[in-house]
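Make a model of the complete structure from these sequences and hints.
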Amino acid sequence: LAKTTQPISMDSYEGQEVNITCSHNNIATNDYITWYQQFPSQGPRFIIQGYKTKVTNEVASLFIPADRKSSTLSLPRVSLSDTAVYYCLVGDNDGTGGFKTIFGAGTRLFVKA
Amino acid sequence: DVKVTQSSRYLVKRTGEKVFLECVQDMDHENMFWYRQDPGLGLRLIYFSYDVKMKEKGDIPEGYSVSREKKERFSLILESASTNQTSMYLCASSLGVITYEQYFGPGTRLTVT
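Chains as they are written, first to last, in our numbering: chain A, 427 to 539; chain B, 242 to 354.
Source of the hints: derived by calculation from the structure; they are not laboratory data. Some hints here could point you the wrong way.
[Claimed, not checked] Here are some chain B residues the structure puts well away from chain A; computed CB gaps all over 10 Å:
| hint | residue |
| --- | --- |
| 1 | Leu-252 |
| 2 | Gly-257 |
| 3 | Glu-258 |
| 4 | Lys-259 |
| 5 | Asp-269 |
| 6 | Leu-286 |
| 7 | Gly-304 |
| 8 | Ser-308 |
| 9 | Arg-314 |
| 10 | Ser-316 |
| 11 | Glu-320 |
| 12 | Asn-325 |
| 13 | Thr-327 |
[Claimed, not checked] One side only, chain B facing chain A, incomplete, derived with CB under 7 Å:
| hint | residue |
| --- | --- |
| 14 | Gly-281 |
| 15 | Gly-283 |
| 16 | Leu-284 |
| 17 | Phe-345 |
| 18 | Gly-348 |
[To be verified] In silico BS3-like cross-links for lysine-lysine, where the CA-CA straight-line distance does not exceed 25 Å:
| hint | chain 1 | residue 1 | chain 2 | residue 2 |
| --- | --- | --- | --- | --- |
| 19 | A | Lys-478 | A | Lys-429 |
| 20 | B | Lys-312 | B | Lys-296 |
| 21 | A | Lys-429 | B | Lys-296 |
| 22 | B | Lys-312 | B | Lys-294 |
| 23 | A | Lys-429 | B | Lys-298 |
| 24 | A | Lys-495 | A | Lys-480 |
Just so you know, these numbers come straight off a predicted model, no measurement behind them. Positions of the beta carbon are idealized from the N, C-alpha and C atoms, including for glycine.
Next comes the structure, spelled out in structure tokens:
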């Protein structure tokens, strides 16, 4: 199973672009990479998902290099409300009908005014 | 909007008690998940279910069991609660397994004394 590694915390200022990298060296062929955001006292919320190259939606971009051993979540022009914990998730079907998910420990992003 | 509800936000139980955590989703999702979240460890999958009466072990199933008698409801059972099961428990549901986002409930903070 692919284990994920993320920085424990990051600080930023309002208006800056923030890039959070997740390492998943043992990612398997079937694995997708998904990012979630979690505010205190709430469950995680889906941000973006990708398999390779680049994915962009209205909230973020996800960059995945060709070897897929890492991925970078890019948040453009962060605001104070983006202060949260961001989780990188690698999940795969284990081929027997089962499903395993590996959430990283999360990156705590603190956006300052 | 998808809504995932959990029966309690806070729960205090004694060691050895049998504990039921209930989760209900209203979007007719096939898949439901139970995670626990502990500081520094991120989210860890306990069990998931891909259909009524079907269940699969996640990464940390020891000490837990689950029940899914109806599509919309997924229960987590602690047969004999122990202090090391004090944690935040999060339920999630999704339409699919790999490429579909998971919708999380608000969580139940369980304290076992």
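Do the hints match the structure? See the list:
1. Leu-252: About 15 Å separates Leu-252(B) from the closest Cβ of chain A, which puts it past 10 Å; holds.
2. Gly-257: The assertion about Gly-257(B) holds, with a minimum of 29 Å to chain A.
3. Glu-258: holds (25 Å)
4. Lys-259: Lys-259(B) clear of chain A: closest Cβ-Cβ about 25 Å, beyond 10 Å.
5. Asp-269: For Asp-269(B), whose nearest Cβ neighbour in chain A is about 18 Å away, the distance exceeds 10 Å, so it holds.
6. Leu-286: violated (5 Å)
7. Gly-304: Its Cβ never comes within 10 Å of chain A, the nearest being 19 Å, so this holds.
8. Ser-308: Non-interface label stands for Ser-308(B): nearest chain A Cβ at 18 Å, farther than 10 Å.
9. Arg-314: holds (17 Å)
10. Ser-316: holds (17 Å)
11. Glu-320: holds (22 Å)
12. Asn-325: holds (19 Å)
13. Thr-327: Thr-327(B) is indeed farther than 10 Å from all Cβ atoms of chain A, at 17 Å.
14. Gly-281: holds (6 Å)
15. Gly-283: Holds, about 4 Å.
16. Leu-284: Where the cut-off is 7 Å and the nearest Cβ of chain A is about 4 Å from Leu-284(B), the hint holds.
17. Phe-345: Holds: closest Cβ of chain A sits about 3 Å from Phe-345(B), inside 7 Å.
18. Gly-348: holds (6 Å)
19. Lys-478(A) x Lys-429(A): Answer holds: Lys-478(A) to Lys-429(A) is near 18 Å, not above 25 Å.
20. Lys-312(B) x Lys-296(B): holds (12 Å)
21. Lys-429(A) x Lys-296(B): The given pair, whose Cα atoms are some 23 Å apart, holds under the 25 Å limit.
22. Lys-312(B) x Lys-294(B): holds (9 Å)
23. Lys-429(A) x Lys-298(B): Roughly 18 Å separates the two Cα atoms, so the pair holds.
24. Lys-495(A) x Lys-480(A): The hint holds at about 14 Å.
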